[in-house]
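Sequences are here, hints too, so could you generate the full structure?
Protein chains: 2
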Amino acid sequence: MTAIHIQEIASIVQTGRVLTDESDRFSYSFDGSFGTYLPDIVIQTKSVEELAELVKYANREKIPVYPRGQATSLSGGPLPVKGGMVIDLSVMDDLLEIDEEDLVAVVSPGVLTAHIHKAAEAKGLMYPPDPSSSHVSTIGGNLAENSGGPRGLKYGVTKDYVIGLEMITPQGEIIRTGGRTVKNVTGYDLTKLIVGSEGTLGIITKAILRLIPKTPASETVMAVFDSLVDAGKAISQILSSGILPSKMELMDQASMVAVENYQPSGLPLDADAMILIELDGHPMAVRDEAEQVSKVCKAAGAREVRVPQTKEEQEDVWKARKLVSPAIARIKPTKISEDATVPRSKIPEMCRRLQQIKEKYRLHLVVFGHAGDGNLHPNIIADKSDKEEMLRVEQAVAEIFEAAVELGGTLSGEHGIGTMKAPFMEMELGAAGLDMMKRIKEAWDPNNIMNPGKIFPEPGQKLVLSE
Amino acid sequence: MTAIHIQEIASIVQTGRVLTDESDRFSYSFDGSFGTYLPDIVIQTKSVEELAELVKYANREKIPVYPRGQATSLSGGPLPVKGGMVIDLSVMDDLLEIDEEDLVAVVSPGVLTAHIHKAAEAKGLMYPPDPSSSHVSTIGGNLAENSGGPRGLKYGVTKDYVIGLEMITPQGEIIRTGGRTVKNVTGYDLTKLIVGSEGTLGIITKAILRLIPKTPASETVMAVFDSLVDAGKAISQILSSGILPSKMELMDQASMVAVENYQPSGLPLDADAMILIELDGHPMAVRDEAEQVSKVCKAAGAREVRVPQTKEEQEDVWKARKLVSPAIARIKPTKISEDATVPRSKIPEMCRRLQQIKEKYRLHLVVFGHAGDGNLHPNIIADKSDKEEMLRVEQAVAEIFEAAVELGGTLSGEHGIGTMKAPFMEMELGAAGLDMMKRIKEAWDPNNIMNPGKIFPEPGQKLVLSE
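Quick note, the sequences are listed as chains A and B, same order. Everything in the first sequence is counted per UniProt numbering, starting at 1 for the first residue and increasing by one. Everything in the second sequence is counted per UniProt numbering, starting at 1 for the first residue and increasing by one.
Among the hints, erroneous ones may be present.
[Said to hold, decoys possible] Some chain A residues well away from chain B (every beta-carbon gap over 10 Å; in silico):
id: 1; residue: 57
id: 2; residue: 82
id: 3; residue: 242
id: 4; residue: 272
[Stated by the list, open to error] Straight line, CA to CA, 25 Å or less: simulated DSS-like cross-link-like pairs of lysine-lysine:
id: 5; chain 1: B; residue 1: 311; chain 2: B; residue 2: 332
id: 6; chain 1: B; residue 1: 123; chain 2: A; residue 2: 233
id: 7; chain 1: B; residue 1: 206; chain 2: A; residue 2: 438
Worth flagging that the hints you see were computed from the coordinates, not collected in a lab. For each residue, glycine too, the CB sits at the ideal point set by N, CA and C.
Here you go:
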């Protein structure tokens, strides 16, 4: 990018800020994943029209454009890997409107997801997607990556709640997709194509989200197992007993040990696995369902089943699950969070494979996650300054992906492809499937300005963590 | 199409049938909408490989390809408007596998949707999408059109339950999208792009459908109103009271009169509107919710509220709703079924507009439909041999679309665009939005062989019903 570029960009951005100092730009060089890449310029503006002009300019001058929220991404979505222009959408946080009659929220991309939860709940409504990062991540980032979360089991993911978008195309046109109706089959579903496209198809500047009535009550069941396979069986049997829990989370022994070392919570360290089940709905229904779930867990071999009786006890149980991520981050400085997802029936087999990979590469691997929908989170804890260890991590990550795909699963359940998983795309999709995706990208963004270097592997690209 | 074409096509189809007799082809010239178009050739084969070869051949020779299920489409989806080749996928009905552990159904496109309902229920599971045609329509057709139904209010539409597809691309490649996991963010969501694309992007040859546990109980509430506006208010208030019914259906006075004339059912003919509400879930929860809903309806001005006490009484109430379509079809020979959908808050206003359109054009217009999600079904009953009347129908249909879009709604909630709504696409989407859809079509199907003449308007195309 030349000095003239910077000058012309500054002349487009009348109402916002243009950052070019190295120290400012450095703050935008990393995300929640791996690697740092310095952008040439950073833009903050609340004006959609200015953004559209910027994209038109970038398209003409072939400057890479990297939209970004709070950059909590675990897959490298916002990393400016080719330099160019970062658009900081976290400043676009003015609009958060709850319409109780239409049951929708209309939001600008910089609004924190937790603020949407709160605003909806204040009106007796609920925005179900609940990525663990919701208190720090923006809805724009959630939309770009199609974020999931524990409640995905019953309620689905971000995409299932987006019914309309305003977006800037890679040519700088402002388009609107979908609308305020839940049913809409007018033409191709651009809304659901754009959500989860990781910023490669345009910049989302507004979203219309579907809300549902808030569930009036919830109950929690905690079940401890001496065998991970039995825990897997209990999960299947609960789901086929006519009950659909709102959450069903798994913690393996290594994650319980990590939590106990971080903050003692009375977890059963000699057990192989623990599952936490949340039931939500009508107060009478959830009490009865909690009893049924307890029976199923006991029949499946649980050595202990507990139903917390107070709100405080419930919160304590869930707190242990939430502590897994910070707890394991303390073990070693580098945490590689994967989200390989397998069909539910393959959870025990996937756990076995992960165990083998852990032993084969002598790594600190912890398994926890959203077991009810097969969305496991194998996390490898390492030290990026130890090149020999990182080489083993590279190999282990590749084998995790291979195992997931071999078992009929997917590279990513909710974190996205970004940079790290791009080299493995063809393994899952096949050459023809990947080609159909590329055709959409090329048709919409022929100059490849929107988030270049993401999703699609470059020729010969390999996963490299050891540099 | 030449004799050589027909000969070469016949040589590709080794295991199936090739129909060229005019009487056979005539059976494939119409659907549940308007108009007849004779195809040149009709293919029936269960072999995906043969189909892929056929599409490769058609792409090379630029022959239009029209995939088709049972052709119950109300928007012209399967009509072979440019002649060419019809692919009768109703014969591909062999695969209907319910996997209780993964909570999925794997189906071939020719399976009737009602058979999927039955197979899932036999294993304690549920496939929620329930288009009214489910006993006669194929899942392939439901996938192509992204069919809805009354349960869309709580459970969403077809697209919300499709997690994987096998598809033949317009170049004759067989690709697989998604898989057996509910969460999958590996690349662009081709699954949700293809579902609802009305056969314009390829031929679906297999689908993986998400199932949920079957709800154990249901209750029905019937509420009669002297004012349509009060009925609309009741609908809003139920939804904001923390209850999400599985169905919430509206019948206006004209539809009640039609039903009574067709099959006397004791409907309150002097009332302005009736709403039928179904609650499903835990037995204790639905009983309590039925009481709450009854109270809300009374407070909103219902003159009568009834909760049927037996299974038989429940069925009788819902039967009246199901009779609307056949009842109005008997009034005059030509039924134009629309599915303009508006934001929930605009239902009373849309009803007012429809009343004005009815009076302005002196037409027999009946309003009923899925009021809970704003998906109304204004049906015009006419006689296509009466050209003067059909001219008025054309104008009325155009005004219905305009009203829906003006109120922030959409041309189509669940029937699709097909041929009839194509001229109105730009009104809803804008030129830039429509252009982004066209780019996908052109990138995937540069020779425009897949279901040509659908969705995208041809230059100057207008709605013509009066020819």
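- Check the non-interface label on residue 57 of chain A: least C-beta distance to chain B beyond 10 Å or not. 18 Å, holds
Outside-interface status for residue 272 of chain A - nearest CB in chain B farther than 10 Å: 21 Å, holds
> Quick one, are residue 123 of chain B and residue 233 of chain A close enough, alpha carbons at most 25 Å?
Replying inline: Roughly 17 Å separates the two Cα atoms, so the pair holds.
Q.
Using Cβ atoms and 10 Å as the threshold, tell me whether residue 242 of chain A really stays out of contact range of chain B.
A. Violated, since 5 Å does not exceed 10 Å.
Since residue 82 of chain A was said not to touch the interface, does its Cβ keep a gap of more than 10 Å from each Cβ of chain B?
Nearest chain B Cβ is 20 Å from residue 82 of chain A, so the label holds.
* To do: Compare the distance between the alpha carbons of residue 206 of chain B and residue 438 of chain A with 25 Å, and conclude whether the hinted pair is satisfied.
  => 23 Å, holds
Exercise. Holds or violated: residue 311 of chain B with residue 332 of chain B, Cα cutoff 25 Å?
Worked result: Distance ~34 Å between residue 311 of chain B and residue 332 of chain B Cα, so the pair is violated.
Consistency with the previously given hints fails for numbers 3, 5, ordered from lowest to highest.
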